[in-house]
Amino acid sequence: MDVKPDSERMDIGDVVENVDTAATSNQNSQTAKIGDSTESTSEAGPSSASASEEPMEDEGDHNGPIVMIMVGMAASGKTSLTQRITSELMRKGTPPYIINLDPACLDPPYPVNIDIRDVVKYKKVMEVYNLGPNGAIVTSLNLFATKFDEVINIIKQKRKTHQYVLIDTPGQIEVFMWSASGSIITESLAALFPTVMIYVTDLISNVNPITFISNMTYACSMLYKSKLPLIVTLNKCDAIDPTFAKEWITDFDAFDSALQSREEYTSNLASSLALGLEEFYNKIEHVVVSAYDGFGMDDFHNAVQKSVNEYETVYKPMYQKLVEEKKAKTMKKQKQQLGKLKKDLHTSGDADSCFVVPGRDAGTGMTLRLDNESDSSTDDEDANVKEENEEESFSQVLNKEATRRSEKYTDDQGQGASGASSKI
Amino acid sequence: MRFAQIVMGPAGTGKSTYCGHLEKHAQATKRAIRIVNLDPAAEKFDYEPLADVRNLIQVEDVMEDEELKLGPNGALLYCMNYLMDNLEEWLLPEIGEEYDGDYIIFDCPGQIELYTHMDLMKRFVKQLDQWNFRVCGIFAMDAHFLTDGAKFIAGSLVALSTMVNLEIPHMNILTKMDLLGKRDRRNIERFLEPDAHDLLKEEAETPWNAKFLELSEALGKVLDDYSLVKFVPLDIRKSSNMENILLIADMVMGVSEDADVKVKDFEEPDPEEEQDRDLDREFSEYLGTLNVND
Chain S
140 MDVKPDSERM DIGDVVENVD TAATSNQNSQ TAKIGDSTES TSEAGPSSAS ASEEPMEDEG
200 DHNGPIVMIM VGMAASGKTS LTQRITSELM RKGTPPYIIN LDPACLDPPY PVNIDIRDVV
260 KYKKVMEVYN LGPNGAIVTS LNLFATKFDE VINIIKQKRK THQYVLIDTP GQIEVFMWSA
320 SGSIITESLA ALFPTVMIYV TDLISNVNPI TFISNMTYAC SMLYKSKLPL IVTLNKCDAI
380 DPTFAKEWIT DFDAFDSALQ SREEYTSNLA SSLALGLEEF YNKIEHVVVS AYDGFGMDDF
440 HNAVQKSVNE YETVYKPMYQ KLVEEKKAKT MKKQKQQLGK LKKDLHTSGD ADSCFVVPGR
500 DAGTGMTLRL DNESDSSTDD EDANVKEENE EESFSQVLNK EATRRSEKYT DDQGQGASGA
560 SSKI
Chain W
4 MRFAQIVMGP AGTGKSTYCG HLEKHAQATK RAIRIVNLDP AAEKFDYEPL ADVRNLIQVE
64 DVMEDEELKL GPNGALLYCM NYLMDNLEEW LLPEIGEEYD GDYIIFDCPG QIELYTHMDL
124 MKRFVKQLDQ WNFRVCGIFA MDAHFLTDGA KFIAGSLVAL STMVNLEIPH MNILTKMDLL
184 GKRDRRNIER FLEPDAHDLL KEEAETPWNA KFLELSEALG KVLDDYSLVK FVPLDIRKSS
244 NMENILLIAD MVMGVSEDAD VKVKDFEEPD PEEEQDRDLD REFSEYLGTL NVND
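Which chain is which? The protein sequence lines are S and W, in order.
Everything in the first sequence is counted per my numbering, starting at 140 for the first residue and increasing by one.
Everything in the second sequence is counted per my numbering, starting at 4 for the first residue and increasing by one.
Take every hint as true, because none was put in to throw you off.
Okay, the calculated bits of chain S under chain W, using three or more residues with CB under 8 Å as the criterion: (1) 243-253; (2) 346-357.
Simulated pairs of lysine to any residue, SDA-like, Cα-Cα distance not exceeding 25 Å: (3) S:K455 x W:K214; (4) W:K154 x W:R186; (5) W:K27 x W:E101; (6) S:K472 x W:K179; (7) S:K460 x W:N212; (8) W:K233 x W:H28; (9) S:K482 x S:S327; (10) S:K262 x W:L71; (11) S:K479 x W:H147.
Because the hints were derived from the structure by calculation, they are not lab data.
Every residue gets a Cβ at the ideal spot worked out from N, C-alpha and C, and that includes glycine.
Assemble the whole structure, with the sequences as input and the hints as a guide.
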């Protein structure tokens with residue numbers, strides 16, 4: 140594919156729709172169909188045109204798709220819930236655009252559009268930087284964060300075809316919530332799109348009132364950390380009767396008596412915490428769902444809609460102010476952070492080799508470059524060209540992997556929801 | 004009576020660094036403190052562990068196991084479960100028999116769900132209790148993430164959520180103070196003796212703050228009332244910081260009897276333990292020999 144002029148940014152859509160290699164065109168059109176599904180099959184032209192069009196004007200004046208960031212402790216059912224939401228949205232004809240940020244996950248049971256695993260090789264990160272599993276996740280996320288502006292651009296261009304963007308995060312919740320790259324990612328999303336934080340927690344482990352309050356406290360802390368609309372999602376209600384949790388949320392006395400049945404010294408603390416959190420329950424959406432049988436998904440969507448409205452009135456002004464007033468400052472800061480990050484990564488190991496180099500097409504020279512250019516003393520023009528190449532290859536790599544995956548996905552799903560049957 | 008610090012905190016906050024410096028500090032002040040690594044995913048640490056869980060089980064091995072098919076997180080939980088099942092058989096022989104004033108630091112993994120979600124660490128604490136340990140939880144937080152009022156509340160709440168679940172005396176340390184810029188350091192000083200009410204009032208008036216004003220106040224009240232969530236700064240270049248942390252931990256666990264002013268906030272020691280005066284006296288003498296500027 141030709142290198143496009145500077146002003147135009149590439150995205151997966153471009154690649155999907157423009158790639159003309161006969162061998163891959165079937166698969167690619169399939170990807171497009173899976174991605175775009177019923178609602179937007181008419182939109183078939185080169186999406187470089189769509190970039191210049193006005194933003195979609197359905198529900199209110201959103202300037203982009205609704206971004207849902209799924210966070211939750213390990214084993215809370217994050218992935219299953221993502222799968223459930225995806226299928227619900229597909230059923231409604233508004234398929235989500237899915238981004239996976241967990242570098243160490245196994246193949247997720249839903250079609251992923253952008254996958255961190257396509258960009259960063261987790262195992263390689265462990266090797267190159269000589270890191271353990273945790274450190275490798277943080278580093279992979281850091282590597283990905285250096286590319287996140289491109290992801291943002293892709294999302295921007297997807298507003299025509301996708302109303303929702305789903306982001307699945309690593310199981311280690313603190314890696315996402317309490318790391319530099321996590322804040323870079325959430326902040327840059329929230330500044331541009333209506334963003335909702337979905338905190339997934341499972342009812343089974345919350346039967347213990349202490350664990351319950353501990354979880355709610357953690358959720359509350361995420362509210363303060365991220366300053367985003369938060370939906371507390373109590374998952375797995377198929378496995379256990381959710382009445383107790385509903386009672387505890389709405390009625391402090393019920394919680395207190397459950398607590399008093401335990402004789403531990405922190406009962407006092409937990410009890411006053413619960414009293415403090417009453418306000419939290421009032422202000423925060425909470426829904427009881429089951430990823431397993433789909434219970435409560437309507438409630439969930441209402442909650443999302445409510446949170447989006449909230450974002451418009453409460454959060455958007457804040458982020459806009461942030462954007463307007465501190466644009467230069469935050470940009471500089473982020474650049475610095477990124478630069479620092481890149482520098483760190485560069486000095487402590489060979490970052491390049493951690494990115495996925497499309498192996499099957501060795502020789503096409505599609506390599507993701509991270510920091511070699513910026514470090515060396517290339518002049519601006521050269522850097523620009525390289526930037527373009529870099530973008531192209533980034534998209535191409537993503538696209539290729541997405542194709543490969545969707546192929547697999549349709550294999551798994553039979554001739555899945557999209558009805559695309561162009562497979563040969 | 005033995006004493007133990009359980010060092011917890013998110014990944015990358017400097018738990019192991021803290022332990023490493025604690026070891027050096029202990030050597031310099033001639034104090035017998037030994038460190039046990041309980042993080043099966045630990046990469047490297049700059050201390051000589053008394054025992055290392057990686058000798059028992061390693062996350063990498065579990066991850067590579069064909070039958071289990073676990074990701075990093077699942078593998079870690081598997082390891083921790085395995086460790087908890089083998090405490091008597093493995094850990095007890097490793098840390099050896101009790102002797103007077105035994106002081107052991109446990110360097111724990113960073114997964115927050117171990118503390119808030121699962122009962123693994125609780126089981127560990129109970130086991131230590133049976134082995135006649137007095138335990139103090141050390142929760143490490145990266146100072147970089149606590150530079151404004153809202154983030155401070157977020158951090159406090161994370162600390163609280165582990166605190167409420169583990170039910171042990173608890174103290175929070177702010178790591179990486181040495182890496183902060185001047186302005187951030189000044190900002191953070193406000194949080195060391197926090198008044199949550201004031202902190203939030205200083206924030207600019209945004210719709211967000213207005214919406215959550217009541218919640219912030221309610222939480223601020225809890226934080227204030229219990230005054231449990233205090234942060235102790237740790238600048239690893241300053242040995243006075245380390246000394247301060249050790250001193251507070253000593254007070255919390257009742258290592259020395261004349262310094263137990265704060266102990267009433269926490270779990271009362273058993274009457275039996277209280278009678279163990281000899282040991283306490285010995286430790287207060289011990290403390291006296293340290294150069295404490297308190």
